[in-house]
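Chains as they are written, first to last, in this note's numbering: chain A, 1 to 265; chain B, 1 to 261.
Everything labelled a hint here was simulated from the structure, so no lab data went into it. Errors might be hidden in some of the hints.
Facing chain B, from chain A, some residues (calculated, C-beta under 10 Å) [what the hints assert, rightly or not]:
id, residue
1, 24
2, 46
3, 50
4, 53
5, 82
Some chain B residues flagged as far from chain A (calculated, every beta-carbon gap over 10 Å) [said to hold, decoys possible]:
id, residue
6, 50
7, 103
8, 177
Some chain A residues judged to face chain B by a derived CB distance under 7 Å, without partners named [said to hold, decoys possible]:
id, residue
9, 106
10, 112
11, 164
12, 165
Here the structure is a predicted model, which is why all the values come from computation and not from measurement. Just so you know, even glycine gets a beta-carbon here, dropped at the ideal spot from N, CA and C.
Each chain, letter by letter, is given below.
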Amino acid sequence: MRKYLPKIYLALVILFFYLPIVYVVFFSFNDSRSLTNFTGFSLQWYEKMFANRTMMESIYYSVVIAIIATIVSTIIGTITAIGLSKSKRVVKEFVNQMDNLSMLNPEIVTAIGLMLLFVTFGITTGFGTLLLAHIIFCIPYVILSIMPKIRQLDDNLAEAALDLGCTPWQALYKVIIPQIKPGIFTGALTAFTMSFDDFVISYFVTGPGINNISTYVYSSVRRINPSINALSTIIVVGITIVLVLANVIPLIATKRHQKAETNEI
Amino acid sequence: MKEFRRLVYPYLVWGIIFILVPMFMILIYAFTDEGNSVMTFNFTFDNFLRFFEDSIFIEVLWRSLKIAIATTIICILFGYPAAYFIAKLRPNSQSVAVLIITLPMWINMLVRTYAWRGILLESGLSPEVKVYIGMVYNFLPFMILQIYTSLSKMNKDYLVAATDLGCNARQAFMKVTLPLSVPGIISGITLVFLPAVSSFFIPKLLGGGSFVLIGNLIESYFLTAGDWNFGAAISLIMTIVILVSMFITRKFDHEKEADNA
Chain A
1 MRKYLPKIYL
11 ALVILFFYLP
21 IVYVVFFSFN
31 DSRSLTNFTG
41 FSLQWYEKMF
51 ANRTMMESIY
61 YSVVIAIIAT
71 IVSTIIGTIT
81 AIGLSKSKRV
91 VKEFVNQMDN
101 LSMLNPEIVT
111 AIGLMLLFVT
121 FGITTGFGTL
131 LLAHIIFCIP
141 YVILSIMPKI
151 RQLDDNLAEA
161 ALDLGCTPWQ
171 ALYKVIIPQI
181 KPGIFTGALT
191 AFTMSFDDFV
201 ISYFVTGPGI
211 NNISTYVYSS
221 VRRINPSINA
231 LSTIIVVGIT
241 IVLVLANVIP
251 LIATKRHQKA
261 ETNEI
Chain B
1 MKEFRRLVYP
11 YLVWGIIFIL
21 VPMFMILIYA
31 FTDEGNSVMT
41 FNFTFDNFLR
51 FFEDSIFIEV
61 LWRSLKIAIA
71 TTIICILFGY
81 PAAYFIAKLR
91 PNSQSVAVLI
101 ITLPMWINML
111 VRTYAWRGIL
121 LESGLSPEVK
131 VYIGMVYNFL
141 PFMILQIYTS
151 LSKMNKDYLV
161 AATDLGCNAR
171 QAFMKVTLPL
181 SVPGIISGIT
191 LVFLPAVSSF
201 FIPKLLGGGS
211 FVLIGNLIES
221 YFLTAGDWNF
231 GAAISLIMTI
241 VILVSMFITR
251 KFDHEKEADN
261 A
């Protein structure tokens, strides 16, 4: 019994983590409005979800904002991280402290700060402010993901590229960027999930009529709306597919690589 | 290579505008009175006096602190054994276990919290207990992962040495494993306590309208009441409480380190 105790405990913890996920998926197929009694199988909540324009729009905004915010914050973050590695210590410290402030601040504080900024300077809140806010809070995480890779960089390689006639920009593009690629990829992935999952900041800086999935779920929580179960199920399925692909593609790639190598021999 | 230095300048300006200025705005709003315009400065402490003179606000602050501290303790108590057991698995199973625990975190926090509403709907539990379940559910994975990381980095030779020197399993755990995992516990505390204090959608979704924490106060003063000055003051008070708590935790950590040395 003692031998199995750790495994039983871990199984219970995992059950706790997966219970609500299994629960929403199960009840998304419920025949009735009830969230506690399963009366029969039906797809009506999926039909209702697809027919609900605000709901579909919220998915659209979540995805579009996550994609744009990821691209922009990854570009700015990469450029800044490269610049930081060559900057004076004062500048480096200053930017680091600023990023720490952004990451360690409670989300609600960042959120009201941005809201006050936008409103005080007369910027109408809506899609633009929502997107801008997402880019703002994603960049520090991108920089954080890239910095370790930049520290490992061998300065001599870039110097060699310059000596061999590269312009600084060519050295950047042909030598530095390829070496820090894994960091950039991690940064982009972090940015995407941060943006896609965000609720608190989006809630404060969005304008009327613009909802992402989180703010939509929050705003419709007063009534019982089983379509949200259907929406959740779609997200669960979507995320699972993305995660499986993210884990399987590198695996297949390395296998192919190995195969190619053995063929060469 | 100095050309690359210039690459940092755009973000320097960006960060000042979008990270520092907003914080500064909160300060200004907290110390001025109404008229949602920064142009008409009117320095005042009234917002803070209003908070500390009203027992309701103090009660909400106290409740938020109490719930955040309790959530943190519950997460350590349940998270530590989980992390410990994972660290004892075979290396391959360890990464599988970590993956299984991280997976749900990829799904929107709000969606997962919403799911608990259905489960707890007819449970008959008090709003407070429901909020605790929601908090522990959302933040426990962070605690497990932090403690697991520090345990997996531990040099196993220390344990062998402790056993050789006559420690039994329990003593070896208390004198070697536990002290070495303190950094993991501390970073776990940061990742649990901080969002727990300021959380506002968990109490709203699971506690019903009656259960108010400091985050809900800030939300309602900004979005419902439209009293931004008071809302800014509340968030400043909350930030200071968080900073002080984190300072105490860190200090405790350093003292422990000093003891060990």
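Q: Could you work out which earlier hints the structure fails to respect and list their numbers in ascending sequence?
A: Violated: hints 2, 3, 4, 7, 11 and 12.
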